[in-house]
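Undergrad: Which chain is which? The protein sequence lines are G and V, in order. In terms of the numbering used here, the first sequence opens at residue 47 and continues consecutively. In terms of the numbering used here, the second sequence opens at residue 17 and continues consecutively.
Among the hints, erroneous ones may be present.
Said to hold, decoys possible - Once the Cα atoms are required to be at most 30 Å apart in a straight line, the calculated DSBU-like pairs of lysine-lysine come out as:
| no. | chain 1 | residue 1 | chain 2 | residue 2 |
| --- | --- | --- | --- | --- |
| 1 | G | K119 | V | K38 |
| 2 | V | K38 | G | K158 |
| 3 | V | K35 | G | K116 |
| 4 | G | K162 | V | K38 |
| 5 | V | K52 | G | K158 |
| 6 | G | K162 | V | K34 |
| 7 | G | K119 | V | K35 |
| 8 | G | K116 | V | K38 |
| 9 | G | K162 | G | K62 |
| 10 | G | K62 | V | K38 |
| 11 | G | K62 | V | K52 |
| 12 | G | K49 | V | K35 |
Bear in mind the hints are in silico, worked out from the structure with no lab data behind them.
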Amino acid sequence: AQKITQTQPGMFVQEKEAVTLDCTYDTSDQSYGLFWYKQPSSGEMIFLIYQGSYDEQNATEGRYSLNFQKARKSANLVISASQLGDSAMYFCAMREGRGGSQGNLIFGKGTKLSVKP
Amino acid sequence: ETGVTQTPRHLVMGMTNKKSLKCEQHLGHNAMYWYKQSAKKPLELMFVYSLEERVENNSVPSRFSPECPNSSHLFLHLHTLQPEDSALYLCASSQPDRGHTDTQYFGPGTRLTVL
Chain G
47 AQKITQTQPG MFVQEKEAVT LDCTYDTSDQ SYGLFWYKQP SSGEMIFLIY QGSYDEQNAT
107 EGRYSLNFQK ARKSANLVIS ASQLGDSAMY FCAMREGRGG SQGNLIFGKG TKLSVKP
Chain V
17 ETGVTQTPRH LVMGMTNKKS LKCEQHLGHN AMYWYKQSAK KPLELMFVYS LEERVENNSV
77 PSRFSPECPN SSHLFLHLHT LQPEDSALYL CASSQPDRGH TDTQYFGPGT RLTVL
């Protein structure tokens with residue numbers, strides 16, 4: 047069974063609008079971390095935002111926010127005021143456990159976001 | 017200075033060649049990782065090194081041989097590869113620490129083509 051599911055292979059958004067990228071996860075651990083990464087066509091995986099399973103508030107980093115719904119096991123990424131440079135692949139990832147070798151990252155298949163001018 | 021660097025950025029090799037990929041991190045981390053990213057597949061973890069010791073080998077064929085001489089450098093030695101090994105190879109580093117987010121920071125990757 048997939049541990050990280052990203053159901054949107056591709057998404058389009060108009061420049062300056064907000065967009066939500068979906069991510070659901072599956073774990074029986076109580077302690078885990080959720081990450082979002084951006085991968086432009088150049089290939090580098092860029093860390094965007096982190097949410098810990100015990101964090102009570104949704105994480106925010108600039109134009110990125112994470113809509114964390116623990117009971118539904120979802121961790122959707124919201125990008126506000128989209129820019130042309132946001133066009134890229136976006137990956138959701140989960141680390142089970144408290145980090146280190148016991149908690150390696152499991153990645154979803156990604157969502158390709160295209161921002162239209 | 018860029019946090020994690022990888023060289024070369026592109027590599028084309030024949031199945032009988034021997035080559036090495038290099039990764040260097042300038043973040044003071046003590047864990048390093050190799051990932052493989054093939055077309056239309058999720059990232060696959062290959063190897064994990066923590067404090068220069070290999071702590072995980074994710075059933076990777078022996079034609080891939082990692083080396084971590086110190087906490088800042090990680091190599092992936094390649095020999096007698098197959099065409100299906102063509103992929104983007106990403107290196108990452110992190111600072112596993114109790115209570116830390118242990119965020120992994122990635123390099124730009126080496127795009128490998130095996131002919």
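Undergrad: Taken at face value, is the distance from the CA of K116 (chain G) to the CA of K35 (chain V) at most 30 Å?
TA: 45 Å, violated
Undergrad: Is K162 (chain G) within 30 Å of K62 (chain G), Cα to Cα?
TA: Holds, at about 9 Å.
Undergrad: Hey, K116 (chain G) versus K38 (chain V), does the alpha-carbon distance stay inside 30 Å?
TA: With Cα atoms ~39 Å apart, K116 (chain G) and K38 (chain V) exceed 30 Å; violated.
Undergrad: Straight-line Cα separation of K62 (chain G) and K52 (chain V) no greater than 30 Å?
TA: 34 Å, violated
Undergrad: Are the Cα positions of K52 (chain V) and K158 (chain G) separated by 30 Å at most?
TA: Answer holds: K52 (chain V) to K158 (chain G) is near 19 Å, not above 30 Å.
Undergrad: Decide if the proposed pair is consistent with the structure: K49 (chain G) and K35 (chain V), CA atoms, cutoff 30 Å inclusive.
TA: Violated, at about 34 Å.
Undergrad: Do the alpha carbons of K119 (chain G) and K38 (chain V) lie within 30 Å of each other, as the hint requires?
TA: The given pair, whose Cα atoms are some 37 Å apart, is violated under the 30 Å limit.
Undergrad: Starting from K38 (chain V), check that the Cα of K158 (chain G) is at most 30 Å away, please.
TA: 29 Å, holds
Undergrad: Measure nothing beyond the straight line between the CA atoms of K62 (chain G) and K38 (chain V); if it is 30 Å or shorter, mark the hint as holding.
TA: Violated - the C-alpha atoms of K38 (chain V) and K62 (chain G) are around 39 Å apart, more than 30 Å.
Undergrad: Would you mind confirming whether the straight-line C-alpha gap from K119 (chain G) to K35 (chain V) stays at or under 30 Å?
TA: This hinted pair is violated, its Cα atoms lying about 43 Å apart.
Undergrad: For the pair supplied as a hint, K162 (chain G) and K38 (chain V), is the alpha-carbon distance within the 30 Å limit?
TA: Violated. K162 (chain G) to K38 (chain V) sits at ~37 Å, over the 30 Å cutoff.
Undergrad: Taken at face value, is the distance from the CA of K34 (chain V) to the CA of K162 (chain G) at most 30 Å?
TA: 44 Å, violated
Violated hints, in rising order: 1, 3, 4, 6, 7, 8, 10, 11 and 12; the structure is consistent with all others.
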